[in-house]
Every structure is written in C-alpha cells, then in structure tokens.
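J.: One letter stands for each residue in the lines below.
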Amino acid sequence: MGGDRHDVERSPHVSDEIRKTTCYMCACRCGINVHLRNGPDGRPKVRYIEGNRDHPINRGVLCAKGSAGIMQHYSPARLNKPLLRTGERGSGEFREIEWAEALALATEWLGEVRERDPKKLAFFTGRDQSQSLTGWWAQQFGTPNFAAHGGFCSVNMAAGGIYTFGGAFWEFGSPDWEKTELFMIFGVAEDHDSNPIKMGLGRLKERGIKVIGVNPVRTGYNAVADEWVGITPGTDGLFILALVHELLKAGRIDLDYLIRYTNAPWLVIEDEDSADHGLFARNEAGEPLVFDRHKQECLSSKSSGLKPALKGAVTLPDGRTARPVFELLAKKYLGEDYAPEAVARETGVSAAQTRRLAAEIADAAFEREVVVEQPWTDMKGERHERMVGRPVSFHAMRGISAHSNGFQTCRALHLLQILLGSIDCPGGFRFKPPYPRPIDGQPRPHGGCKPGEPLPGPHLGFLRGPEELLLQEDGVTPQRIDHAFSWDAPMSSHGLMHMVISNAHAGDPYPIDVLFMYMANMSWNSSMNSGGVMEMLSDKDADGNYRIPRIIYSDAYNSEMVAYADLVLPDTTYLERHDCISLLDRPISEPEALADSIRWPVVDPATQGEGRDVRGFQSVLLDLGARLGLPGMIDGNGDPLYADYADYMVNHQRRPGVGPLAGWRGKNGGTHGRGDPNPGQINRYIENGGFFEAHVPEEAQYFKHANRAWSDWAIEMGLQDGAVENVFQLYLEPLRKFQLAAEGHGDRQPPDSHRERIKATFDPLPVWYAPFEGEGLSKDEFPYHAITQRPAAMYHSWGSQNAWLRQIHGSNPLYVPGPICDEAGLKDGDWAWVISHHGRIKVPVRRMEAVNGKTMWTWNAIGKRPGAWALDENAPEAKRGFLLNHLIHELLPPKADGLRWSNSDPITGQAAWFDLRVRIEKAEAEEHPVSLPQFPPQKDGLAEPPSVIAYGEEWEAKQ
Amino acid sequence: MTSLPPATEKALGLVIDLDTCVGCHACVVNCKEWNTGGYGAPLGDLDPYGDEPVGSFLNRIHTFEVSPDDAPASIVHFPKSCLHCADAPCVTVCPTGASYKRSEDGIVLVDESMCIGCGLCAWACPYGAREMDPVENVMKKCTLCVDRIYNENIPKEDREPACVRTCPAGARHFGDFSDPASNVSRLVAERGGMDLMPEMGTAPVNKYLPPRPKTRPDTAAASTSANEPAPEGFLGWLDRALERLG
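Protein sequences appear in the order of chains A and B. Heads up, the first sequence is in our numbering, so the first residue is 1 and it goes up one at a time. Heads up, the second sequence is in our numbering, so the first residue is 1 and it goes up one at a time.
Treat the hints as calculated values from the structure; they're not laboratory data. Each hint should be verified, as a subset may be incorrect.
[What the hints assert, rightly or not] Here are the simulated lysine-lysine pairs, PhoX-like style, with alpha carbons at most 20 Å apart:
no., chain 1, residue 1, chain 2, residue 2
1, A, K210, B, K214
2, A, K879, A, K842
3, A, K331, A, K311
4, A, K842, A, K827
5, A, K295, A, K311
6, A, K205, B, K214
For clarity, every value in this text was computed on a predicted model and none was experimentally measured.
Using the sequences provided together with the hints, build the complete structure.
T.: Now the structure itself:
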C-alpha cells in the first residue's frame, strides 16, 4: 500500500472571523488574533489564538500560556453569578444572587463606611492591569488604604530604578537587543516581559552575542545562557559591587557620561553632627553645587560648560567642607570589602570568575562601542554629532528584588550600568515611553481621610524625605493599614499588600470594616503564611463576629480566595471584557515606540455558557462609584457619568486632553496623545488590531534622559507637561535624610526601635547587607536557602485550572542539590520535611545538580487547596503539589528587642520572599504520601467539570 | 504492511535549535490548540480536571540534566515531535495503510479513518513521537501542520507549522531539506545540525542544532588588562582621565 491515495484537504476552512485583542494569560500583554468559528450550537466558539504579527510586544509569537487561552476561557472554574456566603468563611458555601442584590449590598456596606470613616475600607487589587482606574476610584472614595500588588512583587526594582535614573526594567525599559554586545540577566520572573525577553535572547543567539545568566537555578533562560553564575540567593548586590570594585580599580568607567548625566560631581557636605551632614551643598536657589576645576569655584550644577571636579575637599561659601559624590563612591567601592576575594565565600562566585566577568563587561563597553550616526541636542543646548553607546545590557526582576536588601541591590545594579555609561545609549539599556520619568516627574503619596470626602491626591508616589511620611499626629503611628510610607517602610511606593490582612486582623493601627479585593489570591499563594492568613480571615471576636467584618471579592474563577469572601462579584474572562493598557498605568511601549492597547469583548459572555451572568470588574466598580455618588463618577443630576468601562476609557480625562487611551483622540480621531475624547476611539483601536503605536523620532531614540527632541516629543504627546530634569542619582539624598532623622535630627524622627536599622540600611550609596531572615537565625539550624522559580508555562495560580497547562505542571517536586541529598540521605522520589523558623512542610524530592549548592527550589504556585479551581479534590496539585508560602512568615523571627518586624525590605516594604532559610530532613516512608499541610476541601456550586475534552471535534477536516 | 515512497519530491521538516530553546512550551501548547481543531481533530484530554489528566500532544518538551565531569551541570530542553523519517519504521509496520509518507513533501501522516489503534507504529518509532489519543483511541502525530503550510485561507507568511510561527525565541525553523539552498539546509550546514539517534537507521528529516559550548567559571580571561589597576592608582588615573576630557 502506498501513500498517494490519501486525500488531504490543502486549504481547509480555519475560522469565520478573526478578532484582535490583548492577551491576559500573564502580565506580558501580547497582541493576539482570536479566531472564531461557530460551534455546533451556532454560537461563536474560539477556534485558535495566535500572536498578532503587527503588535509591538510580541511581533506574532505567543507563549504556552497565551496558546492555552481557549482552556482558560472555557474553564469549568469560571464564576457565573454573584455569590453571597451562606456557610462559614473558608467553606466555599454560597447562594447565587442577582446583580441587583449584589450591588445594593456592596453599596450599603461601602456607603456606610464612606460616610462614617472612609479609612475603614481597605481596597487592594492583585494582578490588576487597571490601577489608574482602581486607584482613582479609591481616591474618590476617600480611603487612604489602596494599593495593588507591587509591594509583594517587584517594588524594589521599580522604586530602585525610578529613584536612581527615572526608569526600570520591563515596563519602563529593555536591553537594546539589536546593538548590545554583552547581556547579563539576573533572576527574572518569567511572566514579566515574557515574550520580549525570549525574542531578545533568540536575537542575541542569532547575532552570536554572549548571554550571562546570574541565578541560583540553571533552568529556563539560564539553561541557554553561555555562562552561568550560580549565585547564592540574596548576595547579588555583593557580586555586583565586586564588579564595580574591579571596574573602578582598572579605571574602566565612562567619566564623561558621569559628568554629563549624573550627580557624580555634586558636592556632599561634610559637617559631622550637623543636620545637613551628608546632604548636597546647594546655592540659595536650592540648586546642588559642583566645584569647577577650571574656574576653581563652586557653581550650580545646572550651569552649562562645567568642568567639575570629581575628587578633593572643597571649601563651601559658608566655610564648611564638601566632597564630590564620585570621591565618596570611589572610596567606598575600592575598599577591600568589595574585592572579589572578599565576597566569594558569601556569593558562591569565585574571585576569578568575577574578575573575568568584569573584564568582559569592560571590554564590551569600551572596546566595542556602538555608534549611531544621528545628531542630537541635549537639554543644555549642546549639539552632538553622533550617538555613541556602551553596548553592555542587563536585565533583572524579582530574583534580586524579593529580598530584604533588594532596594539597595537594585540600586547597585543601576550604579553599575551608569558607571559604564550604558543607560539609554546604543547597545545599552533603553527607556520605553513614557519613561524616563524621574522623581521630579513623579507624584508624592497622599494620605489623610475625611468622612464623605475624596483623598487630596493619588495614594502612591515617591516621597523625598521624612516630612512626607504618612503618619498620624503622633508622628509615629502609620496612617495606612499596610504601614506604607511609615517608619516601617518609608519609601514603599507600591504599598505593602502582604501586610494588609495581618494588620487588619490585629487592628494595627486600627481595625477595618470592609476588605475589598480584586484578583488577589490572598488566602493561598499570594500571601506569606497562607495557613495563618486563612485563620485570620475567618477569625472571630468574643462576640462571635468576624474580626474583619466584611469581605467583598471579585475574581473570574473559583480561586482559594473566593471561599473567604462574604460577597463575590464574578468577573469576565479576558475575551469577554473591555480593558485599556494605558500610558497612565503600566504601559506596553517598546523603546522605539509609544504604545497602548485595549481588550474588547471578542465574544459576548451571554453566548459563552448557560446562565452565564458576569460583568467586567471595572464596569462594576464604576457602577458602584455612581451608586455611592463618588466625585467624577456622577453628573450634576447624580446620574452615572459612565455607562461602563468602555465609556470611561473613551471619555474620562485625567488632565484636559489626556485620557486612558492615547491614540485617535480629537473629534475625528486626528490627534494622538492629547486631544478631546473621540466617540469612535475604540473602533479605531479595533480596526488597528487592538493597539496604538507612535514611533519615537529618530533624534529622540537615545539619551532620552537628556535629549531635547525627546522632551519636546513627550510634551507634545501628553506624556509630560513640561521639561523634567533627570540627573541620575548615584547618591540618593532622600535616603540620607532618613538616616539624619535616625541620627536625631529634625522634627520627625523614627521611634528608637527603628533608629539603628535605618542608619544601617538607608545608605545614600548602594550597599549590601545580609538578608534579615538569615541574620536572625542560626546558620547551623537553618543552613539552606529555599526559593521558587516561575515556570514559563504557568501564570501564578491561574494556570492550574487550565486543562492543557496542568498536564505540563500538575505537581511540583522540591529540587534539592545533590550534595544536600547525599547528606540527608535523600534520593529521587523520596519525601522530605522542609523546616523553617515558622513551619514545616512535607514535599516530594527530586535531585538536581545544576543549582547553587546551598539552594533548594520549586515551581511557584502549583500547589492548590483541595476543591479550589474546579479541580478534583485528589488532583495532583492538591496532593503532591505544595507551596513554600507555608514556611514564610510575614514577620521576621523574634529578636532580642521583643518586636516582630515585617519580613520586608526596610526601605520599600517589598516582601522578602526569597530570604527564606530552611533545613531538610528525610520523611518517614509511607505507602501513599501526600504533601503537608493539607486543608479541608473547598466547596463550590459549580457544574461538575467534564471528564473528557474533545475540543474542536466538530471541526475535524473530513479526509 | 505499508510501503514507503522510494523518494520524495521535497523533504519538509524542522530544524530545532537546542542552543536557543528555553523550554517554554510555547510550541507544545500552540501545536495542541491548532491541531485540536485541525487535521485529525480533536486531540483529546481524559480526566482533564481530575487526579490523572492525560491528553494527546503532538509535540512535547523533555528536560534533561547533563552533569559532565569537567564542567558544571547544565539543563537541556529538548522539544520532540515526529521527525518525518525517510525510512520511517512507523509506516512500514502499519497493518492497515493508515500510516503513510507522502511522496510530494515527505510528511508522515496517519489517515485516521483507516487507523485501528493497534499501536504497532508507536512501538516501532524509536523516538516515542506517536500519541495514542486517549479519547478517540486512534494514533495521532505531528502533521507538520499540513493543514497550514499550503492553506490559501491564511496569509502566506503564516503558512508554516504553528510551532514555528509561535516560538518566541526563534528556536524552530521550517523548510525543505532537499534544497541545499533552503534556510534549513543552510542552518544545518553552518551549525552542525545533527540527526537524532542516527544508529537507528531511520534517516530522520528533522535536525537538531547542538548547544554552543558554555564558558566555564574557571575559564581564564582572554586579557587581564581590564583587571589591572591603573599604575598611578585610581585617583591618579582620575586626574589623567579628567585632563583628557578637558
């Protein structure tokens, strides 16, 4: 029998229609083409989802998560109706109610709080991509207690970058993949900038560019890296500063760049015991001073034509002494504490490797400079004939930021980039519009709280010193429930979502009445101490009332958090909703182009399941706002100003002419960036594939921090309203102001308990100190580190309900380094107890060699509570999967001072997930071991999930 | 038994770059979603929300740890699907003629209407590249997206296998190996493309590009000049450097 008698249809029908929208299978926000084809019932059904080739983020590619969107959209864990709790919290027992009842209840609960004491509402959103709406809503409500999930995610990275140079990795900037000559990537959560990094790595491979991976675990990006630095967790800052040490010692830094774009020449006052020791010397206008080597006098740093000194004691006009930042910096990092030999034991990186890597970095930066023949003019008016680049680029994310020394480590990495002259130059790091946006262009945090009134400004921002802390009248007690912008975490620009429930439970600084959350799985994988949080959420006072009286929660799926809500507002799937990926929020621009995008209902929820009655959370929020009479959400008659979120996306203006979407503004859609609302705007987005893109002019492509053409274009596009000065802050004065307060200066001083910690950690120059959890514990008792990695094919807890993705990651072993296995008598398939200062978990073990020898690890958020996410109670996620969260406490181990400090970065409050210290012991053999702890199954009222999926069977091409 | 064509006009197949594959599973899932509604639809899943979910995937990624004696251990991500062998044992073993290799392009397909689900082909395939569908109980396999590559209902630039189109890192390439000037033939020549298990005599069409050698931590620096302190000390260097700037 031969092959040629088989007929195969060469051009089968694919789909009836393609609708282009934005993915939401992780935080990357790629453009997708959703192919629709009528199903057997005549209703549109998703046939296929592919990447949109025109889209600036993904250029046509799509990852595993995005490709599994069909199973997410049709997940049996979808919520379909509003739910009102009937059982005890945590049980998952609810009755379905109508939207009218749900909205009336929410309005009653929230309205009462707003009139009496708005701060008794804590509104926190998780994987929210609409923070410019949710934050604005909370501001109009008048509670100071709002934040999204940045505090437990990567605020160190964002704040460290913005405070230092007005940008950060991922949403605010990326490597110059086309021109870089060397790339070093530190620990990255794979779902942050997921596809662009993979595309970039592929491009580097194609170009033959060396990739260096710095990560305790050699999987994913590190598996293909040409060189792996298997660093010990929490020591990245030390490794980076050793590279800085080597580069300084050899004089391999870009002095011209430092003089032009940084505060390296600024003079720092030396006047011990005075209230301005360590602050910048300034003239009467408040401008920092430099010492001009030619004119031999102190001049404003804003003067043009400066020839500033970078070393030497200078006598200030007031007779005191000052020294340039650069001298302080050089002295600090040239010290033997940062020599490669001195740090090798702590970092696990040999001195020889560190030294060679420093040489390779220097070689790429200074021997292989990249030139773009494009004249440009800087902000001081000087014309440059070409753009000369130092082609070394870096990327980092949670691996360095989720430690209690993360802010300073992120600053250290930016210090390294800046010393090399590789920020926004050809081949280096590139800003993505609307960035750069330095501190001068950023809001300050706002607090205060008056019954029935909005907050005076946005909640979150970047404070400049102790005077801007949000404290109660005693100058010590936090205003906010999460203690953000207090002495506990002064520069907590994204809030501390991980502290909200424990503080609310403890009534610290006050009890709350309503906890309102969106897309945040706080009773499971998004909290430290998950079991404790579950108890806090269901704990009752002596009268039998819940200590957190009301919980409203919105989610699209039956997550673990749903079970703890009193009222559940069912959200849509990402294919059923409007959204805007806004420049006011977390933008999706690429370095060459400003971009924003939308989601729109490519399918109507009413056609996507029997009895499906869900609403997009943002539309519900606007509806609630109108019912509550919040300013900006009702018109003069008290009627709703916006019919739904789509209406808001088009017609809301944050500043005159500037709204959520930048494209096709003005009456006929003829202007971009600024312009009146355009009623046809969403259709224009849809016609254009769901996104808008405006190319940055060639002259403005690099050196945006100091580029006149960029500044002019940014103003024209509505990204900023005037020129913003951006001098890179190698020496960060706000940190020094907190140190001064701790030293006893000023009206606002920290409580005595906090003084030493602030003095030690708020160094105005990047510094390394040991992560806190390890410092509080015996290294003999807890000798090892335990961390998680994000699988590329899973997004947090969301992936487990996905029939296809859970076949890839249905359970998670603990990967244990070979030498530790040998010591503990462990082999593949054994079970072990992993023990921290807080708890113990029982887990399956897998041996691994390609990992830092002191570090065990597992995949993030695979473990599930039995019964959640519409999975079988015996699902592998529940029985063999597990969370490290049970080992991590939101508080540090008790210290001699009797206080329990938050397990967070002392500067920003970022959750220090990766500081965890453990020991491991072989577990007793059992016939059918299950991971421990186990929790009672969560009930749901959902339909029984199917026992078979034969998706697409009706489309089989007839052969 | 089923016979193979003596020769094929083209030899379509994939080049998979093991130096670039980060093991993200994009190809695995995009293949699943395309093919569950395409040629050979559906790719079934049994017990999809239960304690032992099992479904057919035409492309899977295996992850291996390599622990050489003289270098640190490393991880290799290894995507694997049907290699469309020239001497495909899965075809010659098929008792019904359901498995066949096309003479025009060399693609190995299963004609499901003739497949009795005996599983002989899966036994014969040395690569484990065939998938017995747990729902339909017939054999499924990579079709090289035969319903995409010639399909006039999709844009020309999209007429390539779904796994190639979606791969974020660009680690997968599709083309005609019978043409020495094709992209895939050139890649194989330039990068030392390899057969998988050539000793099995299957003459696979798909080729793998090996990982580039890694830098070992103890590798000596090419030049140490960048590590040498400036002879006049750092502050002396600073003076001279500033003088040069004027």
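J.: None of the hints should be skipped; say for each whether it holds.
T.: Against the structure, the hints:
1. A:K210 <-> B:K214: Roughly 10 Å separates the two Cα atoms, so the pair holds.
2. A:K879 <-> A:K842: Distance ~11 Å between A:K879 and A:K842 Cα, so the pair holds.
3. A:K331 <-> A:K311: At roughly 10 Å apart (the allowed maximum being 20 Å), A:K311 and A:K331 satisfy the hint.
4. A:K842 <-> A:K827: This hinted pair holds, its Cα atoms lying about 15 Å apart.
5. A:K295 <-> A:K311: Holds, at about 15 Å.
6. A:K205 <-> B:K214: 13 Å, holds
In this structure, none of the earlier numbered hints is contradicted; all agree with it.
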